[in-house]
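Enquirer: Note that the UniProt record's numbering has the sequence shown beginning at 1, numbered continuously upward.
I should point out that these hints are in silico values taken from the structure, not numbers from a laboratory. Any given hint might turn out to be false.
To be verified - What follows is a list of derived Cβ distance ranges for each label pair:
| no. | residue 1 | residue 2 | range |
| --- | --- | --- | --- |
| 1 | Ser277 | Lys199 | 19 to 27 Å |
| 2 | Lys424 | Asp339 | 23 to 31 Å |
| 3 | Asp188 | Lys81 | 36 to 44 Å |
| 4 | Lys377 | Leu209 | 21 to 29 Å |
| 5 | Lys424 | Pro136 | 45 to 53 Å |
| 6 | Arg191 | Lys420 | 37 to 45 Å |
| 7 | Ala132 | His49 | 12 to 20 Å |
| 8 | Pro251 | Arg191 | 28 to 36 Å |
| 9 | Lys99 | Ser356 | 12 to 20 Å |
| 10 | Asp305 | Ser356 | 43 to 51 Å |
| 11 | Gly255 | Lys396 | 16 to 24 Å |
As the list claims (entries may be wrong) - Straight-line distance between alpha carbons at most 20 Å, and here's what the computed PhoX-like set of lysine-lysine pairs gives:
| no. | residue 1 | residue 2 |
| --- | --- | --- |
| 12 | Lys32 | Lys403 |
| 13 | Lys311 | Lys403 |
| 14 | Lys371 | Lys81 |
| 15 | Lys32 | Lys99 |
Since this is a predicted model, take the numbers as computed values, not measurements. For glycine and all other residues, C-beta sits at the position ideal for the given N, C-alpha and C.
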Amino acid sequence: MEATGTDEVEKIKSKFMSAWHNMKYSWVLKTKTYFSRNSPVFLLGKCYHFKTDDSGELPTDGSNFDKINTEISGNVEEFRKDFISRIWLTYREEFPQIKGSALTTDCGWGCTLRTGQMLLAQGLMLHFLGRAWVWPDALDFDNSDSESWTAHTVKKLTASFEASLTAEREPKILSNHHRGALKRNCDDSERRNEVYHRKIISWFGDYPLAAFGLHQLIEYGKKSGKIAGDWYGPAVVAHILRKAVEEARDPELQGVTVYVAQDCTVYSSDVIDRQCSLMDSGKADTKAVIILVPVRLGGERTNMDYLEFVKGILSLEYCVGIIGGKPRQSYYFAGFQDDSLIYMDPHYCQSFVDVSIKDFPLESFHCPSPKKMSFKKMDPSCTIGFYCRTVQDFEKASEEITKMLKSSSKEKYPLFTFVKGHSKDYDFASSPLHEEKHLFPEDEKKRLKRFSAEEFVLL
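Modelling step: build the complete structure from the supplied sequences, incorporating the hints.
Expert: Spelled out as structure tokens, the structure:
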């Protein structure tokens, strides 16, 4: 009886915290973001130009966009379409209870897990869809019917953003009915892409069986001493993602592996061994690899000397983003303009979506508006991600990034390094291919203790 009472108290507490965080973070969808007309915008390796004869900034509230000519407007539209097509994973509420707790929401503590999910989702999008893919409905989706969004807020935001980026005085929002009537005749390629689009999102669903859902990530985190409700740092999340991909049983995921750098070092032979390992089916084929590199960009604060390197990384098409943020909040960094980083923010509490049903709504998994933050506000602790489809791609990427590291490093040692050979050749106790009894081997746990003070704390 006492246990039942405790569970009820926890559920009430959880609902109260969900309401509080939803109100606290609702500004995420309301604040304006300004883009300069005179500087290029980079988004995960793609460059967009909004340059006009007039100087100034482009606000996302629609003002002054009537001055943009057709060519520039088209480029802005391409950027908008590209950004919206990225998968956005945020706080959710009312999902199935997390095992071992009374929690049915991750509001207030799950932001770094969410940014890690977004980075992994981008890697899977590169693998299955390619960098050129964009969601066909990106420019006309309407969230006003979704329970997880306030109808007035979304309608106003979507209309404002539509006006600001297409120079329309009276933007039109297509309803679900009209979109259905205008449904395009998809060819085989488009149908295939839509299947993978939905499948990738479903892998991140908030229910126990989803391969990369919050429930599974928390289970893997338990092996490192973490439980639901704890705060996770970007280095720990990197290892959780590696374990989740290793344990995924979907045949579609057998062609992907994850490698996590050790002590800011990527051991090339270990990466190639992972890429050349056998599939579960016994088929000998090379796997694509997502390389995660936990790093620190300074001591207590981010060192501005690393700005050009971070911008260089986000300029690469095989970059899948950065798990980072600012103190107390984790963001998924995907691009930049000048000295500001472009990011997606997980701090918005949306309702649970059952991704197991056919044609589940996609709108809440795509962010309608980009956000920007000055690089100097960035927390120094972060994890950088890359995707390489083949061994040749990895070798090319390692050469390119090594040159970038050398040219950007003003100090004796670069931020991280690529080293030939295996980690075991350098007296490391374990190889990344070693079948571990726990999430982290003992030496890895010792190294990760250094990151404990770097985890994001949400008040």
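Enquirer: Could you check the structure against the hints above and give me the numbers of any it violates, in ascending order?
Expert: Of the numbered hints given earlier, those the structure breaks are 2, 3, 4, 8, 12, 15, listed in rising order.
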